[in-house]
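Peer 1: As a plain string of letters, each chain reads:
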Amino acid sequence: MENNENHNSRRDFLKKTGLVTAVALTPPIARSAADKKYDERFAEAIENVSCTIEINGKSQSFKLDPRVTLLDLLRERLALTGTKKGCDYGQCGACTVHVDGVRVNSCLTLAVMTDGKKVTTIEGLADGEQLHPMQAAFIKHDGFQCGYCTPGQIMSAVACVREGHADSDDEIREYMSGNICRCGAYPNIVAAIREAKMGGQTI
Amino acid sequence: MKQFQYMRPSAQQAAIAAIAKDTTAKFIAGGSNLLDLMKRNVMQPERLIDITRLPLKDITENNNILKIGALALNSSVADNPMVVEKYPLLSQALNAGASAQLRNMATVGGNLMQRTRCPYFYDTAMPCNKRNPGSGCGALKGYNRMHAIFGASQHCIAVNPSDMNVALVALDAVVHVAGPKGLRMVPIQDFHRLPGDQPENDTTLHKNELITEVTIPYHPFSHVHYLKIRDRASYAFALVSVAVALQLDGKKIIQARLAMGGVAHKPWRLSAAEQALIGNPVALETFERVAAIAMQGAKGYGDNDFKLELGPKSIVEALRMASGI
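Chains A and B, in that order, are what the protein sequence lines are. Letter by letter, the first sequence follows residues 1 to 203 in this note's numbering. Letter by letter, the second sequence follows residues 1 to 325 in this note's numbering.
Don't read these hints as lab results, they were simulated from the structure. Any given hint could turn out to be false.
Said to hold, decoys possible - Subject to a maximum C-alpha distance of 27 Å in a straight line, what follows is the list of computed DSSO-like cross-link-like pairs (lysine-lysine):
1. K58(A) x K140(A)
2. K26(B) x K117(A)
3. K2(B) x K63(A)
4. K207(B) x K118(A)
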């Protein structure tokens, strides 16, 4: 059984074009139609997928080309540019966000696959003007230089502590290895995480 | 990335029916490997079938058989208390792979299906029989530092990049698959294949089949270790890895399992070396003799000749770490 989203998009398509035969059309045909600019709306309607995602506590609905990554949705559609695009191939960790409380690489996550889930980005970490303890610890320990990897480092660090993988410096280094810092701020990042973990505040 | 149609079935049979009728479709779960390859146009499925909502995530044990749902996350398996206690080799191997983020995304089924990281496979400007059958193997006489020393062919010298698979092959895991004609159980040694003249096929899974679970029979190994040698301390693919599981009676080895990663197109079980361990004492001389047996038939291709020396040394080191000598 196909999901509702597919049915929805097909229904929307039918509404827009009124062509009953459209349901039998396959994506390559739709693509070919779009390539030849027969009707760009046509391909768009049959391909786009509806989804609802809770982002930083706010539920939002979208119709998305399924190729859109969660990273691009956050940055390009929602202007949540705190989450960074480093490599875009899951190798650097700059795009780390939490999906249902679990840290993932948003560059290798299709946005439509997070339908019904809760996403937290660096913008959703602070409590108003009150920095999250991990953010405060990164500032105190100078856990960055250029700052580009920092949102991913902080999101990863928060998860690392919550997972229970920050009990020693070696464990922190191992479980933070998915976040690359080309400025080499690693010693200060480890110090910040260690202090946030030991600080007694809820991470 | 090429355009594709997305669908999300809620039942296993619907997922199988969907892939059976569309040979250009692919299942997607974690997506950490597939999306990477799609962004580079190495893989171009016309349709993605999102299987993440299927109920295949459970990790249970019955009658000393561990059952891991195909959609269990790598991190969920690695951190599962029962796995840590009774199948620690699997936990160690999983934690040696990828990063914490990727282990939170990657599933057990996806890890089984992981493609090679051969740079010629990844670069669409290069020849690669695995990506484009008949185009040749760029690695054979090219840059082949990461490549196979066992079981390669003139058509492909790529390696299976997984750590999990090495532990699974050492632990005699069985892959359960479902297809239009019903269920099939595939011993892990028969799941991945050698390249031969069809390197485009990594596994013996049929195009219309879905991996549903992996089972592992319990064995009371008292000493295990997963050793991974790589270019940096963490978050890198193995140059060579070794999975060891021993059952000791005092100093005598009464049961042994030995497998290597990073050396072949499939996780490489070392059966002859295992036999040579059984009945012998835990001792450096035993391990060195066994490592020599393990390396019989190994062949370097230039840049990876160092694996001919790194391999046996890694076997000895892993056996020492496991047995505590």
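Peer 1: Run every hint past the structure and note whether it holds.
Peer 2: We went through each hint and held it up to the structure:
1. Proposed proximity of K58(A) and K140(A) is contradicted: the alpha carbons are some 30 Å apart, above 27 Å.
2. Of the supplied pair hints, the one linking K26(B) and K117(A) holds, its CA atoms being roughly 23 Å apart against a limit of 27 Å.
3. The hinted pair formed by K2(B) and K63(A) meets the criterion: a straight-line CA distance of about 18 Å does not exceed 27 Å.
4. The straight-line distance between the Cα atoms of K207(B) and K118(A) is roughly 33 Å, outside the 27 Å bound, and the hint therefore fails.
Checked against the numbered hints listed earlier, the structure breaks hints 1 and 4; every other hint is satisfied.
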